[in-house]
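Enquirer: Sequence:
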Amino acid sequence: MSLEFRTSEESPDVTRVVATHLPTRHGDFALLGYRDGRGTDHVALTLGDVAADDGELPLVRLHSECLTGDALGSYRCDCGEQLDAALQAIGAAGRGVLIYIRGHEGRGIGLLDKLRAYALQDSGIDTVDANTHLGLPADARDYDQSAQILRELGVGKIWLLSSNPAKQEALEALGIHVEARVRLNVADRPENSRYLSTKRARMRHDLPPERNAWDLLAGARVPTGPLTPQEEALVLRYGPLVEAGPRLVIGQLGQSLDGFIASRTGDACFVTGEADREHLHRLRALVDAVLVGAQTVAADDCQLTVRAVNGADPARVVVDPHARIPLTAKVLTDPRSRTLWLVGSDASVPASLAPHVSVHRLETSTGFEPAAILQYLADQGLGRVLIEGGGLTVSGFLHAGVLDRLYLTSAPLLVGDGVPGIRFDGADALSGALSAPVRRFVLGDDVCTEFDFSAAKPASPAALHRADQENQPTGQD
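Take the position in the sequence shown, starting the count at 1, then add 761; the result is the number in the working numbering.
These aren't lab readings, by the way, just hints derived from the structure by calculation.
C-beta atoms are modelled at their ideal positions from N, C-alpha and C, and glycine is treated no differently.
Check each hint, because a few of them may be wrong.
Just the calculated beta-carbon pair ranges, DEER-fashion [as the list claims (entries may be wrong)]:
hint, residue 1, residue 2, range
1, A941, D1186, 47 to 57 Å
2, E913, P1198, 38 to 48 Å
3, A934, G1027, 56 to 66 Å
4, Y879, R1085, 34 to 44 Å
5, P1198, A1073, 25 to 35 Å
6, R1085, R1201, 30 to 40 Å
7, P1173, Q1064, 37 to 47 Å
All chains should be built: construct the whole structure from the sequences, respecting the hints.
Expert: Take a look at the structure:
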């Protein structure tokens, strides 16, 4: 199917009417309002210096208005998820433009006709035939306004966030050079898979890639070759974890700037933002097992599965010497992933549990030491472990000196009093403070600091404390 596009000379002029800004969870965007010669209003969200001539091209998304997808969260299409993914990609890259094009509802046929087309699709007609059955074009959109807005912004060469080659062809016919199209990684849903398949089969949309950069990382391979800026950021952040091999211990914790993971009442929903939760799910996808303490299960009823990104669910490990987690907890009732319930030798557990749960009895005196737990898990084939929570559990593994890496995310909150995050018996002098090479990542409004203890393998906090005590003056000659 081909589309015919008007040239910019045939299109009404587009005029900038207003400029302001729009803070979002993906960044603080400049928000520019435009009106075309037909009286239709459009907006452009820009981030960074999009007109800079430094060899780095801006990411650009031309997003067609979709009330049902963008505002109402419809799963009949992927528009709302594409909008969010585009803003996330531009926010991660630090430079780009999203043009929200009004008048494109239903690929340009209007809201009510789109709903009429939906009704025909309910009877089995695909999205293309539904439009033509109504006597309407399969795609009535034009992109003249977008080309004019890009030129007004000083942008003539771009990376286009789209799986639709027609958008690239339209922009290039209007004088905008598209260096390449970049796919937004939004998974098909059961509710929209037929709709998306029709667009790929009949409207030339790109097929889903067999393997993208994240899929390769989640499959224990570090991508090589040309990468988009978003893929480069993923490889930079998570590539070292993949390269670490079959034995890796990661700690992860999110806390307020003053060091609390929950309020005094235990409310921890949510300390950090959505970008940090996505980061956590990526960490889960890169390990064999995720480990939490009994208090975390009792307080949060956590699932410990991979849901925000593609990836396999890790085994769930619950450290519970006295077998006190509720029997209704998701880790015991949700069969999506196996659960290893680590209990003491004398703990009382039900005789019958769900098939995905296995009880492992450890010696209370020594079996629950962090190093002993990790060795036990390695013997079970679980050598890559994420220590996820809570604060006591992560701090215990840090104190024992067994963490290879620690991801500590700080949220811009001051709690004042609550459940503390990282804490251990430190040294009396700052010279004995625990340190390691670090990297920092901005995750929405949060800042994640990665401590690479494997690079230095410092003494554990306990050893530092003992050394500090041994070096204290005794008062004797």
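Enquirer: Tell me the numbers of any earlier hints that the structure contravenes, in ascending order.
Expert: Violated hints (numbers, rising): 4, 7; every other hint is consistent with the structure.
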